[in-house]
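Student: For reference, the chains in residue letters:
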Amino acid sequence: MADEPVTKQKISLLRVLGPRHVWGLGVGIVLVGDYMGWNYAVAKGGALAALIACWLGGLLYSCVATIDAEVTSSFATTGGQYTQAKHIVGPAMAFNVGLYLIFTYIMLAAANAIALAHLLSLVAAMADMNVGNPKLIVVLTIVSLAWLNYRGVYTTLTFNVLITAVAFAAIVALFAVAQPWSYEHLDHAGLLTDLPYGWLGVVASMYFGLWFYLGIEGSSQAAEEVRSPSRALPYGSLLGIVTLLVAANMTWYVCAGLMPWEYLGATTTPLFSAAQLVGSKPLIVLVFCGSVLAIIASATACINDASRVGFAMARDCYLPNWMCAVHPRHRTPHRAIVALVPVTMAFAIFAPLDKVITLSILSGLLVYTYMGVAIILFRRQWPVGTIRRGFVHPLHPLPAVALLVLCALGYFSIFLTYRIELILVVVFYFVATLWFHFRRYRYVRRKLQFTMPWPRPIGFEGG
Amino acid sequence: MARRDKQIAAGSVAVLWLLFGFVFWQIAGLVMVTAPGVVVLSGIVGASILILNTASIYRMIRRCSCDTTKARIYGPEVQSVQIEDGVSPNVELP
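Residue numbers (this note's numbering), protein chains in the order written: chain A, 265 to 727; chain B, 2 to 95.
Everything labelled a hint here was simulated from the structure, so no lab data went into it. From the three backbone atoms N, C-alpha and C, an ideal C-beta is built for every residue, glycine too. Each hint should be verified, as a subset may be incorrect.
FRET-style restraints, in silico, Cβ to Cβ [claimed, not checked]: (1) B:Lys-7 - A:Trp-586: 38 to 48 Å; (2) A:Ile-722 - B:Ala-56: 21 to 31 Å; (3) B:Lys-7 - A:Val-637: 27 to 37 Å; (4) A:Arg-683 - B:Cys-67: 48 to 58 Å; (5) B:Lys-7 - A:Leu-659: 14 to 24 Å.
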């Protein structure tokens, strides 16, 4: 082998990221859910229902994070759950999971751009200014963040870690200034009511409880760009979910103690409203900055994640192969980044916000359902000790079972409010699967289906 | 590096327990009589979250302390720090 002349060097993604980048990628994509969106859970079932939804969502995502830490640190290639599905289940599942992931992140990025335009327009109106056409802000946001992603992963994710840390610090500051140990600002005794819509309200609010954590599994997309997958992926993912649980509890506690549930369930910016009620001007400024930074962090991470999935799928010819190029200087999947920009823009400009978010959450839930099944198959096909794992998650199979039960509850929760969307999404993915089976599969590189240097999986009977 | 990782991970779990304990204790005291079902359910779900995350992080810390896996976990990190510092890397990767 050593005597063979090397004619062409393959350019790969750069391995420059550490655990903090993985943490930033996971938390950054999600933290915006604390600033806006989660509070619609309160409208569905009251503040106590929102707390239960927050904790049920927390359990679901704790299962996702711990399972993801094991599987991702074992595969350690970009594409995350798509690549895992390719190895564990097969091509049709891999195509579906890849599609779920791309839609989850594209829709989230579109929703973030819409939210940023809305927030800036709102503040400009309060200051008697005009920011112009909000759609222009949407376009500028997506293009500028895509450009940042294009220029290099280290700069992008270091920037993401910084702004995510500020957004998290703003939540901690609000919690501290609200003085949870005293009753000066908070009045839970006066504001907390029983469950106004009973236990059905709790189930209905579950859908919005997921907003506190939606996207934490995106941390796995950095797998091929981290220096040490065994360290960065479990460490970043597990600390990421702990950070989100802390932020979610602080957010709920402060907001539920400051606002009546009827108001909290209707406001578009619950944390900003809470800061206004506390009355500290520096805090209001900090929380406003936190809101803007959280949105930018989420959009940045979404573009990063969507492009990595697109890149991985194109590499195996599940998507057009020209998308899998790596930029020779910046070492980023630049064509995948550019290709997804017009798609994100189209959703941000033409689709209504609530539909965009519903499609994103539904696609996310489909990924989690797959993960619950996949970890059971993964442990059967390659039992612990047969391959090198970066992390072995505890209490198996309880997290997988809990994850599947909570996903079923999530689908029912969505069905209560968005049954048409649920049916449309299922039909869409079914049609996409048929298209893949009959039209696309012939282009797939079958030799690249199994790329890990592992023994043949137990129970595998293929050639 | 390993020691700092362990300290941060253990600290974050401690904060998680304190915060969940605080929120649960405050809310249970207020609604125990009017909504006992909420208290029971949130107690079960909260405890499950704490147990799962604590077990996960404990397992991760234990792996960081294990001599057989330490070189694999920290080797690439040490190597890249040495390259950044202009020193030729002397860490043997397993």
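Student: Next, verify each hint and record whether it holds.
Tutor: Structure-based check of each hint:
no.	hint	verdict
1	B:Lys-7 - A:Trp-586: 38 to 48 Å	holds (45 Å)
2	A:Ile-722 - B:Ala-56: 21 to 31 Å	holds (26 Å)
3	B:Lys-7 - A:Val-637: 27 to 37 Å	holds (33 Å)
4	A:Arg-683 - B:Cys-67: 48 to 58 Å	holds (50 Å)
5	B:Lys-7 - A:Leu-659: 14 to 24 Å	holds (21 Å)
Violated hints are absent here; each numbered hint is respected by the structure.
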